[in-house]
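> Chain residues, written in single-letter form:
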Amino acid sequence: MTLTLAQLQRGQKAIITDFNVDEIPLKLLEMGCLPGNEVELLQVAPLGDPLYINVNDSHVAIRLETAKEIRIDLINEF
Amino acid sequence: MTHNTIKVALIGNPNVGKTSVFNELTGLNQQVGNYPGITVEKKVGFSKLSEYTKATILDLPGTYSLNASSMDESVVIELLMNKNDKNFPDVAVVVSEVENLKRNLLLFTQIKDLEIPTILVINMSDRMDAKGITLDIPFLEAQLKTKIALVSSRKKTGIAELKKLIINYKELPTEPCLNASSIDPDYFNSLRRAFPNQLLYKLWLVITQDVNFSNLHRKHIEENSFAKPKAELKRLQQKETIKRYQFINDTLKVGYIVDKTKATDIREKLDRILTHKIYGYLIFFGILLLIFQSIFDWSSIPMDFIDSSFAALSSFAKTHLPAGVLTDLIAEGIIPGLGGIVIFIPQIAFLFLFISVLEESGYMSRVVFLMDKIMRRFGLSGKSVVPLISGTACAIPAIMAARNIENWKERLITILVTPFTTCSARLPVYAILISLIIPDKRILGIFNLQGLTLMFLYMLGFGMAIVSAYALNKVLNIKSRSYFVVEMPSYKVPMFKNVGINVVEKTKSFVFGAGKIILALSVILWFLGSHGPNNTFHNAEEIVESQLQNKEISGEKEDLIASYKLEHSYIGIIGKSIEPVIKPLGYDWKIGIAVVSSFAAREVFVGTLATIYSVGSHAEEETTIKNKMAAEVHPVTGVKIFNFATGTSLLLFYAFAMQCISTLAITKKETNSWRWPMIQLAFMSGFAYTVCLIVYQLLK
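Protein chains in written order, with the working numbering: chain A, 8 to 85; chain B, 96 to 795.
Worth double-checking, as some hints may not be accurate.
[As the list claims (entries may be wrong)] Computed list of lysine-lysine pairs in DSSO-like fashion (alpha-carbon distance at most 27 Å, straight line):
{"no.": "1", "chain 1": "B", "residue 1": "Lys226", "chain 2": "A", "residue 2": "Lys20"}
{"no.": "2", "chain 1": "B", "residue 1": "Lys329", "chain 2": "A", "residue 2": "Lys75"}
{"no.": "3", "chain 1": "B", "residue 1": "Lys197", "chain 2": "A", "residue 2": "Lys75"}
{"no.": "4", "chain 1": "A", "residue 1": "Lys75", "chain 2": "B", "residue 2": "Lys574"}
{"no.": "5", "chain 1": "A", "residue 1": "Lys75", "chain 2": "B", "residue 2": "Lys338"}
{"no.": "6", "chain 1": "A", "residue 1": "Lys75", "chain 2": "B", "residue 2": "Lys259"}
{"no.": "7", "chain 1": "B", "residue 1": "Lys671", "chain 2": "B", "residue 2": "Lys735"}
{"no.": "8", "chain 1": "B", "residue 1": "Lys259", "chain 2": "B", "residue 2": "Lys149"}
{"no.": "9", "chain 1": "B", "residue 1": "Lys357", "chain 2": "A", "residue 2": "Lys20"}
{"no.": "10", "chain 1": "A", "residue 1": "Lys20", "chain 2": "B", "residue 2": "Lys197"}
{"no.": "11", "chain 1": "B", "residue 1": "Lys338", "chain 2": "B", "residue 2": "Lys240"}
{"no.": "12", "chain 1": "B", "residue 1": "Lys137", "chain 2": "B", "residue 2": "Lys149"}
{"no.": "13", "chain 1": "A", "residue 1": "Lys75", "chain 2": "B", "residue 2": "Lys611"}
{"no.": "14", "chain 1": "B", "residue 1": "Lys137", "chain 2": "B", "residue 2": "Lys611"}
{"no.": "15", "chain 1": "B", "residue 1": "Lys143", "chain 2": "B", "residue 2": "Lys181"}
{"no.": "16", "chain 1": "A", "residue 1": "Lys20", "chain 2": "B", "residue 2": "Lys671"}
{"no.": "17", "chain 1": "B", "residue 1": "Lys468", "chain 2": "B", "residue 2": "Lys504"}
{"no.": "18", "chain 1": "B", "residue 1": "Lys137", "chain 2": "B", "residue 2": "Lys735"}
{"no.": "19", "chain 1": "A", "residue 1": "Lys20", "chain 2": "B", "residue 2": "Lys468"}
{"no.": "20", "chain 1": "B", "residue 1": "Lys372", "chain 2": "A", "residue 2": "Lys20"}
{"no.": "21", "chain 1": "A", "residue 1": "Lys20", "chain 2": "B", "residue 2": "Lys355"}
{"no.": "22", "chain 1": "B", "residue 1": "Lys338", "chain 2": "A", "residue 2": "Lys20"}
{"no.": "23", "chain 1": "B", "residue 1": "Lys137", "chain 2": "B", "residue 2": "Lys178"}
{"no.": "24", "chain 1": "B", "residue 1": "Lys723", "chain 2": "B", "residue 2": "Lys671"}
{"no.": "25", "chain 1": "B", "residue 1": "Lys334", "chain 2": "A", "residue 2": "Lys20"}
{"no.": "26", "chain 1": "A", "residue 1": "Lys75", "chain 2": "B", "residue 2": "Lys723"}
{"no.": "27", "chain 1": "B", "residue 1": "Lys181", "chain 2": "B", "residue 2": "Lys265"}
{"no.": "28", "chain 1": "A", "residue 1": "Lys75", "chain 2": "B", "residue 2": "Lys504"}
{"no.": "29", "chain 1": "B", "residue 1": "Lys251", "chain 2": "B", "residue 2": "Lys338"}
{"no.": "30", "chain 1": "A", "residue 1": "Lys75", "chain 2": "B", "residue 2": "Lys240"}
{"no.": "31", "chain 1": "B", "residue 1": "Lys348", "chain 2": "A", "residue 2": "Lys20"}
[Unchecked claim] From the derived model, a few chain B residues whose C-beta atoms are all more than 10 Å from chain A:
{"no.": "32", "residue": "Ile337"}
{"no.": "33", "residue": "Glu363"}
{"no.": "34", "residue": "Tyr578"}
{"no.": "35", "residue": "Ser604"}
If you are wondering where the hints come from, they were derived from the structure by calculation, not from laboratory data.
Even glycine gets a Cβ: it sits at the ideal position worked out from N, Cα and C.
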């Protein structure tokens, strides 16, 4: 099963693998939310949405529905 | 050598301190206006670069890239695409921030593709040590094909170097730093063949955007079958973005070294508290309380002072200037009119002070983050919080602040419901009506009944905004893709100079914008109230005298003449003709006049009643407007005019009705259609009328 950004736990890091371009705002791409880049979930808003992420050194908040469109691979840290 | 003026455009992402650089370059030597036809703020400043060289500096709206997603961003692209524009810059200064250099450079590489001489400013260089950042400036300059100025607008360093670079702009290289057309060589080659005289990147921007360019028509390109489906264009844009980031990452790998062990970050700790599920909201509501406290309590001190000063000035003018029409105009029309504008300065200034501090510090983005989910239940966005808070000062800047909301439906709903929030213009109306109908008592020993009523009216305004947003969300059938990307900037201590300039500029534009209308209306009202159409007005004195002699009426002669004159003046005639419509709400013709004149600005209500009751009476008389209103009785029944039922009905009318021409005008401008302001007017006023009708009939 593939993971999406929406399933990341707070503090976890991952690599973006793929997404459906049509569902992602261009502005988010420009912030550096692109396949191959690292993403970390920093905070989750009190009601579980939106998510506060660090991607490509950009600190941005996105909604859960956008996060669900972004597929990721977890980075395992030992 | 003759004097020489260089045109400079400041370009950059939001939150990089572009405005601080602008303020450092220009000082207070700046002008704020609008771009023609749209409400995007246009800031131009002047800077003396050297003895012989001056510069006009255009502070363009913040943008993340040359792919416009808002009106503000379109301004940047349209200017940079049009060489014939009189503002087209000789040199572009791209402002970036040392911590976010990677993202800031995306815009920089796009500007370079337009082959304009470009300087790169790396701002906030004072934070390099704290973040463990070292820069290889010569390497970066060579790779990015530019000159770099390392600036700290906070520590005021690097500005002299920047000025020098601007003076020598002709030495700057203009070639692009990467070849973006390699994302689809075939397509771009055929484009180049079809339009050999045009810059390839410009063509690409025209194909991908909805912006207008004067000398390059989209139609022309589409006719030549260069149009592509939207999805395919977006895929290409993604490829382009990836390509640019590859170049930027390769460049920064060598030129930008971060020693993470030296980095200290308070962002994480602050975020944990400020976006906490309990503390986060507590802090936010604490800040809101502080804002309201300042607007309604602290600012009452300067406001009372302004109020009494203008009253004193008016009676001074009346007693010291030669009697006549001109003196009446000055003392009863112009001075009270000016007073009605100046009195709002303290509140507006306090509000803009808070909003500007919250935005500069980076806290506002956290509020957006906290509130988004809650607001979305009502069809609004987290970004609607800023307009709704600003609405407590004035709906006009508040509606303009809704521009940050990318989703059209959420933005439209925000614009439509913002006028329900209690703006500062309603405050004087509420204050005087509450003091008339609510007893000045305390309940439970601490809560003042009048204060509680005022708070209830504020809650009512917010509540109504939220409820109608919910209704609009169900009713409006607009398909609009959810689109929510909010940058969370690092926390900064707000710079006094930036906040100060912002407060002064915003207050000034409010005073001169709304002020003109209020002043004009005050003068018109004075005229209508002191002139009448026929003999009954002109012969008021004789008529009253004969009525007195026949014992038809009784009372002080002077007052009777004044009120008789008013009743037969133009304004009295207008008031009486609308009386049948407003009578079921409990209003007489005098209140009717005040309500109608409120359409220019609500606070005119109090001023109008003041005019209605004071026109013609002695200037020395010291009865305040409140006492006069309290003493008004119905001529036939002898019942007090401002009784509980009428007062409540009036309060609710002011809470709900759309009564501000300026707000309707700004809604028209922002939605680009008369449809929405008309709906706003019909819905709000219709609702207000219905509620007041029911309430008055029940209470009477």
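> Now look at each hint and say whether the structure bears it out.
Evaluated hints:
| no. | hint | in the structure |
| --- | --- | --- |
| 1 | Lys226/B to Lys20/A | 21 Å, holds |
| 2 | Lys329/B to Lys75/A | 19 Å, holds |
| 3 | Lys197/B to Lys75/A | 26 Å, holds |
| 4 | Lys75/A to Lys574/B | 20 Å, holds |
| 5 | Lys75/A to Lys338/B | 25 Å, holds |
| 6 | Lys75/A to Lys259/B | 49 Å, violated |
| 7 | Lys671/B to Lys735/B | 19 Å, holds |
| 8 | Lys259/B to Lys149/B | 12 Å, holds |
| 9 | Lys357/B to Lys20/A | 22 Å, holds |
| 10 | Lys20/A to Lys197/B | 20 Å, holds |
| 11 | Lys338/B to Lys240/B | 17 Å, holds |
| 12 | Lys137/B to Lys149/B | 20 Å, holds |
| 13 | Lys75/A to Lys611/B | 51 Å, violated |
| 14 | Lys137/B to Lys611/B | 21 Å, holds |
| 15 | Lys143/B to Lys181/B | 20 Å, holds |
| 16 | Lys20/A to Lys671/B | 72 Å, violated |
| 17 | Lys468/B to Lys504/B | 16 Å, holds |
| 18 | Lys137/B to Lys735/B | 52 Å, violated |
| 19 | Lys20/A to Lys468/B | 24 Å, holds |
| 20 | Lys372/B to Lys20/A | 23 Å, holds |
| 21 | Lys20/A to Lys355/B | 17 Å, holds |
| 22 | Lys338/B to Lys20/A | 24 Å, holds |
| 23 | Lys137/B to Lys178/B | 18 Å, holds |
| 24 | Lys723/B to Lys671/B | 20 Å, holds |
| 25 | Lys334/B to Lys20/A | 24 Å, holds |
| 26 | Lys75/A to Lys723/B | 65 Å, violated |
| 27 | Lys181/B to Lys265/B | 19 Å, holds |
| 28 | Lys75/A to Lys504/B | 22 Å, holds |
| 29 | Lys251/B to Lys338/B | 35 Å, violated |
| 30 | Lys75/A to Lys240/B | 39 Å, violated |
| 31 | Lys348/B to Lys20/A | 21 Å, holds |
| 32 | Ile337 | 5 Å, violated |
| 33 | Glu363 | 7 Å, violated |
| 34 | Tyr578 | 5 Å, violated |
| 35 | Ser604 | 29 Å, holds |
When held up to the earlier numbered hints, the structure conflicts with 6, 13, 16, 18, 26, 29, 30, 32, 33, 34 and fits the remainder.
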